[in-house]
Amino acid sequence: MTLLSIEGLTKRFGGLTAVDRLDMEVSEGTIHALIGPNGSGKTTTFNMISSMLKPSSGRISFDGRNLTNKSPDAVATFGISRTFQQISLFRTMTVLQTTMVGAHLRKKTGLTGILLRTRRFRQQEIEIRQKALESLEVVGLAKMGDRMATELPYGQQRLIEVARALAVGPRLLLLDEPVAGMNPMEIEFMRQLVLKIRSRGVTILLVEHNMDLVMDISDKVTVISSGRKIAEGLPREVRSAPVVVENYLGRGIKVA
Amino acid sequence: MKPSSIVLLVAGLLLFPLIMTHPYYMHLANLILIFALTATGLNVVTGYAGQLSLGHAAFSAIGAYSSALLSMKLGWPFPLALVGSAVIATGFGAILGIPSLRLRGPYLALATAGFSEIIRIIINNWESLTQGSRGIPEIPGPSFLGMAISSERAWYYFLIGFFLVCTLATYRIIHSHLGRAFIALRDNEQAASASGVNPFAYKVIAFAMSAFLSGLAGSLYVHYRAYISPDTFTFAESVAFLSMVVVGGKGTLAGPLVGAAALTLVPDLLSFMKDFKMVFHGILLVLCMMFLPGGLVSLAGTLKQWKPGGPPRRSNFVDAA
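Here the protein sequences come in this chain order: A and B.
Heads up, the first sequence stops at 263 in the working numbering, and the numbers go up one at a time, no gaps.
Heads up, the second sequence stops at 1651 in the working numbering, and the numbers go up one at a time, no gaps.
Calculated directly from the structure, the hints in this document are not laboratory data.
There could be a bad hint or two in this list.
[As the list claims (entries may be wrong)] DMTMM-like cross-link-like pairs, simulated, lysine to aspartate or glutamate; straight-line CA separation at most 25 Å:
1) A/K138 x B/E1519
2) A/K236 x A/E14
3) A/K77 x A/E14
4) A/K115 x B/E1519
5) B/K1332 x A/D153
6) A/K203 x A/E253
7) A/K114 x B/E1519
8) A/K61 x B/E1519
9) A/K61 x A/E32
10) B/K1403 x B/D1561
11) A/K77 x B/E1519
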């Protein structure tokens, strides 16, 4: 079943067409990778799906519902969450607090509940904390809850982003270059984490330059270059497609 | 803060009038409490939600004038006038929150300063309602449970009760999903919105809450001083309130009170310097910003870390705006 459907998606910045009539479908329960050379429009596409950017034209729908021109916070209510290429943590928050922001949509009370500390409010805070702890458990940071998020090493900061995105309770998780700058051990950990998240029923759309990882875990790969889709299919089909080798992977580079 | 130190602090505040009996110091203490309440309001929007406001005196002016007019022209009793004026200020706060969606940092600060100037000009020129630049004298004082509050000491207890309740409310707001949303917006708006936090809604809420507290303080001020004029809450006061928040410690609960005390007492202590008083005051402010970017409240944490053999000194300032 198609979970996310993109039709004729286009983004122009002045004279530059960053994304050009992109069509793409992400099936539920899959790991779908979006790859392409630098500047090919991958992150722009991500930003349009999460409504950080408005498309110039085209349509995005999620589970049959129109997603175009919604606000970023509304996109989260649809069950879509994301991580950022540039680590985007809250610099005065602990790991747990940061992850609790991800569970923000579980709030159930208004000002009266907050001021009077009603049972409903306390229940809500327990649930939000529980969800955050559970997400931290998934990424293996359950013991780091009280540390300042920005004090942790780089690789773990990326994991906090994943935990915060998981706390939203997404059906679709957008991962923007999750292993950029990571060492081989951290990459292996992330590989297993992505598979684990998928096994929990979350669909994953991935932008990534690490071809070993992409070819290993993806169910489907879409290749774009200069904003246009140039190939799509199973990892092994895409890897050997001449147009992909020509435009992105390059000749003489062997992909394991 | 540990519960024991909170109890100690509250006890100290309640016993203060028994030690400091001189009416002048009681008067200063009362002013500090009122300013601290305005600064607490400003701290919600600027310290926690990270939206810089240079127009907060306007909310106090709105609260003050509304309260004076409601009680004098409509004969509303003090508690009603107090709540009514704070509600009116809240409405203006929500309206001022709207541009904060598009304006950031210095641009928003300029918009808020412009707003406060517009309010001042309207008050100054709407003679039939506000008596213009002559101001409104002889505003009645409040009574509480049938007793008139008139002595400085009675006012002190009244104000401290108010301040503590408002601080408790602020504490509860900050330690809820609302407060987390404010701080998340301040630290990283994009990441906050991707987590489902609606930036627009929460900025408007922060402005409205902030205006409520500052409006409340304006109303208390006007009944305490029994006089209000367009010169009472001007741009200079807006800057002073912001200084209180920053000098005390923005984004901390105790910061506004500490800042209000420092900025009220220091000029008074320096009065022996005569004409050089304000120069010295300014120098102290600059030094404070240079060496204590986390405000005076950060001093407590810094001193703790200076203990010989203690953990290495580390900056852990809660930074904002």
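Each hint tested on the structure:
1. At roughly 22 Å between alpha-carbon atoms, A/K138 and B/E1519 fall within 25 Å of each other, so this suggested pair holds.
2. For a cut-off of 25 Å, the pair hint linking A/K236 to A/E14 stands: about 12 Å separates their Cα positions.
3. Proposed proximity of A/K77 and A/E14 is supported: the alpha carbons are some 16 Å apart, at most 25 Å.
4. Between the alpha carbons of A/K115 and B/E1519 the distance comes to roughly 22 Å, so the proposed pair stays at or under 25 Å and holds.
5. Proximity of B/K1332 to A/D153 is assessed by CA-CA distance (about 18 Å); at most 25 Å being required, the pair is judged to hold.
6. Taking the CA atoms of A/K203 and A/E253, the gap is about 33 Å. The hint is violated against a cut of 25 Å.
7. Restraint check for A/K114 and B/E1519: the C-alpha separation of about 19 Å stays at or below 25 Å, so the hint holds.
8. The suggested pairing of A/K61 with B/E1519 holds, with an alpha-carbon distance near 17 Å, which does not exceed 25 Å.
9. Between the alpha carbons of A/K61 and A/E32 the distance comes to roughly 19 Å, so the proposed pair stays at or under 25 Å and holds.
10. About 21 Å separates the Cα atoms of B/K1403 and B/D1561, which keeps this hinted pair within 25 Å; it holds.
11. Distance check on the hinted pair: A/K77 and B/E1519 sit about 17 Å apart at the alpha-carbon level, within 25 Å; holds.
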